[in-house]
Every structure is written in structure tokens, then in C-alpha cells.
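Student: Given next are the chains, with one letter for each unit.
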Amino acid sequence: MSDVDAVANADAILWDVVVVGGGPAGLAAAIAAYDDGAKKVLVVEREKELGGILNQCVHNGFGLRRFQEELTGPEYAGRFIDELSKREIAVELEATVLDVGQAEDPAAPTVVRFVSPTRGFKEVRSKTVVLATGCRERPRGAIGAPGDRPSGVFTAGAAQKYVNREGEMIGRKVVILGSGDIGLIMARRLTLEGAKVLAVVELMPYSNGLTRNIVQCLQDFDIPLYLSHTVTRVVGKRRVEKIVVSKVDEKRAPIPGTEIEFDCDTLLLSVGLIPENEVARGAGVELDRRTKGPIVTQNRETTIPNVFSCGNALHVHDLVDFVSEEAEIAGRAAAARALGKSSVPKNLVEATNGARVNYVAPQKIDLDALDDETAFFLRVSNVFQDKKLVVKCGDETIKEIKRRRVAPAEMERVTLSRDALLAARGRKIVVSLED
Amino acid sequence: MSLQKVTCVVCPRGCQMEVDAEAGTVVGASCPRGRAHGLAEATNPTRTLTTTVRIVDASGEFVDMAPVRTAAPIPKGKIFDAMKTIKALRVQKPIRRGDALVKNILDTGVDVVATRDFP
Ligand SMILES: Cc1cc2nc3c(=O)[nH]c(=O)nc-3n(C[C@H](O)[C@H](O)[C@H](O)COP(=O)(O)OP(=O)(O)OC[C@H]3O[C@@H](n4cnc5c(N)ncnc54)[C@H](O)[C@@H]3O)c2cc1C
Ligand code: SF4
Numbered sequence: 001m002s003d004v005d006a007v008a009n010a011d012a013i014l015w016d017v018v019v020v021g022g023g024p025a026g027l028a029a030a031i032a033a034y035d036d037g038a039k040k041v042l043v044v045e046r047e048k049e050l051g052g053i054l055n056q057c058v059h060n061g062f063g064l065r066r067f068q069e070e071l072t073g074p075e076y077a078g079r080f081i082d083e084l085s086k087r088e089i090a091v092e093l094e095a096t097v098l099d100v101g102q103a104e105d106p107a108a109p110t111v112v113r114f115v116s117p118t119r120g121f122k123e124v125r126s127k128t129v130v131l132a133t134g135c136r137e138r139p140r141g142a143i144g145a146p147g148d149r150p151s152g153v154f155t156a157g158a159a160q161k162y163v164n165r166e167g168e169m170i171g172r173k174v175v176i177l178g179s180g181d182i183g184l185i186m187a188r189r190l191t192l193e194g195a196k197v198l199a200v201v202e203l204m205p206y207s208n209g210l211t212r213n214i215v216q217c218l219q220d221f222d223i224p225l226y227l228s229h230t231v232t233r234v235v236g237k238r239r240v241e242k243i244v245v246s247k248v249d250e251k252r253a254p255i256p257g258t259e260i261e262f263d264c265d266t267l268l269l270s271v272g273l274i275p276e277n278e279v280a281r282g283a284g285v286e287l288d289r290r291t292k293g294p295i296v297t298q299n300r301e302t303t304i305p306n307v308f309s310c311g312n313a314l315h316v317h318d319l320v321d322f323v324s325e326e327a328e329i330a331g332r333a334a335a336a337r338a339l340g341k342s343s344v345p346k347n348l349v350e351a352t353n354g355a356r357v358n359y360v361a362p363q364k365i366d367l368d369a370l371d372d373e374t375a376f377f378l379r380v381s382n383v384f385q386d387k388k389l390v391v392k393c394g395d396e397t398i399k400e401i402k403r404r405r406v407a408p409a410e411m412e413r414v415t416l417s418r419d420a421l422l423a424a425r426g427r428k429i430v431v432s433l434e435d
Numbered sequence: 436m437s438l439q440k441v442t443c444v445v446c447p448r449g450c451q452m453e454v455d456a457e458a459g460t461v462v463g464a465s466c467p468r469g470r471a472h473g474l475a476e477a478t479n480p481t482r483t484l485t486t487t488v489r490i491v492d493a494s495g496e497f498v499d500m501a502p503v504r505t506a507a508p509i510p511k512g513k514i515f516d517a518m519k520t521i522k523a524l525r526v527q528k529p530i531r532r533g534d535a536l537v538k539n540i541l542d543t544g545v546d547v548v549a550t551r552d553f554p
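As given, the protein sequences belong to chains A and B, one line each in that order.
Numbering follows my numbering, with no gaps: position 1 of the first sequence is 1.
Numbering follows my numbering, with no gaps: position 114 of the second sequence is 549.
One should not assume that every hint holds.
Some chain A residues judged to face chain B by a derived CB distance under 7 Å, without partners named [stated by the list, open to error]:
1) Val58
2) His59
3) Pro74
4) Gly78
5) Ser85
6) Arg87
7) Glu88
8) Gly167
9) Met169
10) Thr211
11) Val215
By construction, these hints were calculated from the structure, which means they are not laboratory data.
Backbone N, C-alpha and C fix where the C-beta goes; we use that ideal spot for every residue, glycine too.
Work out the full structure: start from the sequences and follow the hints.
Tutor: Dropping the structure here:
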């Protein structure tokens, strides 16, 4: 890495690909771009270390699809970090990207500006940029539970970082709101560290977590799961002293008289993730109000030419394996552009969500850059049994897939062939879930 | 008659099984892998334990947290005792992914290994 590292100091260098973010998405994008011939690749990461959120995910369950092995988060990241360091890929750590802009120079259409303690303020020129900035947690405000504002309220991801990276215990008696995988994983983690988890509370009538996590994170430790319940009051002067939980009706409104009180010192919130797109927004990239990430083509190119997006910044993934796969698409596409093998998309077909589907990504198909198969990712709007995913082009049904059970927490994947997409020219592709 | 209810976690379908460990019968599994898992859960349930170990410098000051795992699943009943041993442990750099930080924990024949490099 050292040679290229030295070059990173020379302002004159024109990068092929600058990757913003060194999590699993950024790592996979950089490696794929390099392997496809882009030899000037730079990864800019805000933290002191590569690996992103995986550094704090010490539990196992990563990589089953990609490596047919159950790895922990750090092991999964480690494999990509090893691969990266075998290549002449430059890395800037503790470097926060402030913005990405467009330049007049057609040979160097993008500029990336970052600050770091060692480099100060720096501007680099690049042929392409891949945004892999990950996601952040919905903050406390998002739940709007009335009551006091004592300390002892954490988002689950922040708690995970304190415990797993900093070795700090966050509380002794804990209530967790939200039964997605992060909430479940934290219930087990805090129990192992000696805390008592009194309850996991879920607004919906079902958990968004994997069955495996329900069994191995809750049932193994006799932690009760309260479905169709929510936190209705936080009590405490300096520190949390009590959490009040109520049952909710079908409209998710708390039912008076159903209150349960828990004496505890800590409340964890695991109430969802949102793509992190400050940099994308600043660059003028158009965002999808459904995914909260950029609108992209199948090659993950945003509405700003030569700027790509992938991973949790694009849409929130539940499996890191899919993050890597998607990032490789973006990395290869950025390399192809940098090497002059592709041009800015002109002939586009739109893909969108129909009934019972919350979003579809990618949202646009570049007809001049089609592979044999194109994968679409989507999320359904509720838990359903025995339905089928239907892809329509105008009035014509072009694909149907039976699904025994679908759930919002499990991302669905549908592939379409080159011919099917070419035939869609001038029309719109709509994916819905039907009887 | 000792019927045990087990939720299968081998795949996302999550079949509900009823296992008679003595008779070796499993009702409710939809495939052989699930049946095997049901029997194992009813007779000798095991788990892979993942946690962290404190890394200290020569003077014993805290430097970082090393993520670790048991190299193979260990009996579920030994999880908390294993945690005690691992929590008391202090290690120093350098650490390489796969290094055994505890050998043969609680005589299970399984090592506790680092899952990340700390050069
Ligand atoms: C708390 C939590 C628990 C999870 N648990 C699991 C699990 O059990 N199993 C599983 O398969 N998946 C899990 N996931 C999902 C999986 O970890 C993610 O899908 C994956 O890490 C996403 O990779 P990413 O590279 O897109 O984002 P991240 O890993 O978040 O990486 C983004 C990187 O970009 C950097 N960055 C952001 N903005 C800037 C900037 N302006 N300048 C420079 N750098 C920047 C960040 O520092 C970070 O390193 C979890 C996710 C979270 C948040
Ligand atoms: S029994 Fe088979 S089908 Fe059912 S959950 Fe287990 S592995 Fe899946």
C-alpha cells in the first residue's frame, strides 16, 4: 500500500475511483474496481479502522451465503481487509468526506473534499466516486415516548459500540424497544455481560428478527418478548428508573389500562435504520423517498453522472453478503467508466413498487449497459402467506414467483433477463405482491 | 414420556417440532436437517459463544477490546461459566485472527479464538 500511499499526497494525481466509506460495501467496491482494471483506487474512511459497523458486530451469522461459513462481523470484514491489502489500493483513515462535487474538466469530472488530522483539508480529483457511507440508527426522537428525559436511554447500535468496542457496561436492568435483529442480539449480549434484560417490546404483532435470534437470544435466556406493545412512558430524574409499557390496538395506539411497569435503569431503542446520505445530498444526488437512499441504475449509478452508491447507504440490507454483492456491481461499473468502457446512461426504463411492496431498487435500468441477468431488491409491506411476486411491464406480466411466506424484514430478490428488460423500452416495470 | 418443544433455527421457515429424546422421534420437522437439529437440541444443545476480551498494555492499562469466539459450539449449559473465564482474561498485542486466547475452555476440548487482528 505504501507506494500508492505516498502518491495520495501528490495533489496532481487523478484517481480512477474514490470510494467514500471503508465498511464492507466500500471494501468490496474498491477491490472489485481494482480487479476490473482501475489501478488508481482510493478509499476514504472516517474512523481509525476499516470494516465499518462490522467491527462492533462481534456475534456470528455473517457470510453464510458468500463463504458457506458462519463468520463473526470482524472475521467477515477481516477477509476483505486482507484482500484489500494484497492490492495497491490507497487508504485514508480518520478522513471525513465533507462533500463530493462536479468539475468542469471532462477527464476528471468529480472532486472529493475531506478533512483528516494528518492531511488537514484536502481536495482530490477523480474520474468516478462510489458512495458507501452506510446507515445510521433512528434516534430517540423517532419514538416520541412522553415522560422525563433522563440518561440511560441508548440506541441499540450505540450500546453495541460501548460494550463491544470500548468495554463499557451501559446498565444493569434493561428494557429493549424493538425486536429486529440488532435489538435481539443486544438482549443476549447484555445478558452475557451480566445485565438483566427484563423485556423486549415490539410494536408490531410479529418480530422483525430471524427465528434463530428469537430462539438463541431470547428463549435461551428466558427473556420475555411483548408483541403488540410499546413504551408509553419513561420515568426517572437523572437516570432511567422506570419504563411503562402498554399494549397497542390494531391501529398501534396504546390501550389505556394495559400498562406494565418495569423497574430498570436502561432503555435501548432498536427502532430502525436510515441510509446515511449527507454527502450524497450535498452532491445533488436525487434520493428515493421510499428507500431514503439515492435513485440508481442497475449499475448503482446515481442521478449525478459518475457518482455511484452501494450498501446500506443505498438501501438498508439485512445481510452483509448482499451488501458485498451490490458493492461489487458498483465497483465494477465505476472501473468501467473510469477506463472509458461505458458512458453516462441515456436510455432508461423505470422500475417501481406496486401493491404490497414498499420499494424496489434499482429504480432505473440503463438499457445500454445490461448484463444477462439483472437483480432487483425489494421489501414487502407486511407479513403475508402464500402470495406471488408479480413483475409487470405495462399490462403485460413478465414474471411470477410463488412465495410461501414473505416479511418486511426479509429482503426479496427478483431477477429479470436482458431480453425482458430490452422489451420494456418505453414502458415502466412494476413489482407487486398478489394473490 | 418427555416431549420437548423445539423451534427449528436451521432455516428461516422455523418449523415447530416436538421431540421425544428417549424414543428418538421428532414430529413437525419438514426435513432431515431440521430433525437432526431437533434431536441435538433435546439431548445436547450447543452454542457458539461470541464475546470480547480486554487487551491491555505492559502496565495493565486498557487499550482495546478483542472480539473472540469459541472455535466450535460448546454445551449451552456452560455458556455463563465460559463467560466468567473469558471476562477475567487480559491479553496483549500482537493478536492475530485465529489465535487461541483460551485453550480447551472448561475442558470442552474447544479453544476460544480471536476474530480480528491487532498488530
Ligand atoms: C448495529 C448493526 C447490526 C447489524 N447486525 C448484522 C448482522 O447480525 N448480520 C448481518 O448480516 N448484517 C448485520 N448488519 C448489517 C450489516 O452490518 C450491514 O449491512 C453492513 O455493515 C453495511 O455495510 P456498509 O459498508 O454499507 O455500511 P457500514 O458498515 O456502516 O460502513 C460505512 C462506513 O462509511 C464510513 N463513513 C460514513 N460517512 C463517511 C464520510 N462522510 N466520510 C468518510 N467515511 C464515512 C463509516 O465510518 C463506515 O465505516 C448490522 C447493521 C447494524 C447497523
Ligand atoms: S425443519 Fe427443515 S424446513 Fe423446517 S425450519 Fe428446520 S431446516 Fe427449515
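Student: Closer than 7 Å between Cβ atoms is the bar; does glycine 167 of chain A clear it against chain B? Give me holds or violated.
Tutor: 5 Å, holds
Student: Holds or violated: is the Cβ of arginine 87 of chain A closer than 7 Å to a Cβ in chain B?
Tutor: 17 Å, violated
Student: Holds or violated: is there a CB of chain B closer than 7 Å to the CB of valine 215 of chain A?
Tutor: Hint on valine 215 of chain A: holds, closest Cβ of chain B at ~5 Å, below 7 Å.
Student: With a cut-off of 7 Å, does the beta carbon of threonine 211 of chain A approach a beta carbon of chain B closely enough for the hint to hold?
Tutor: 4 Å, holds
Student: Is the shortest C-beta separation between valine 58 of chain A and chain B less than 7 Å?
Tutor: It holds, given that the least Cβ distance between valine 58 of chain A and chain B is near 4 Å, below 7 Å.
Student: Does glycine 78 of chain A meet its interface restraint, that is, does its C-beta lie within less than 7 Å of any C-beta in chain B?
Tutor: This hint holds: glycine 78 of chain A lies near chain B, its Cβ roughly 5 Å from the closest one there, short of 7 Å.
Student: Interface hint check: glutamate 88 of chain A, Cβ to nearest Cβ on chain B, cutoff 7 Å. Holds or violated?
Tutor: 20 Å, violated
Student: When the nearest CB of chain B is found for proline 74 of chain A, is that gap smaller than 7 Å?
Tutor: 4 Å, holds
Student: Once the shortest beta carbon distance from histidine 59 of chain A to chain B is found, is it less than 7 Å?
Tutor: Status holds, d = 5 Å.
Student: With chain B as the partner, please determine if serine 85 of chain A meets the hint condition of a C-beta pair closer than 7 Å.
Tutor: 10 Å, violated
Student: Is the interface hint satisfied for methionine 169 of chain A? The criterion is a beta-carbon contact with chain B at less than 7 Å.
Tutor: Status violated, d = 11 Å.
In summary, the numbered hints that this structure violates are 5, 6, 7 and 9.
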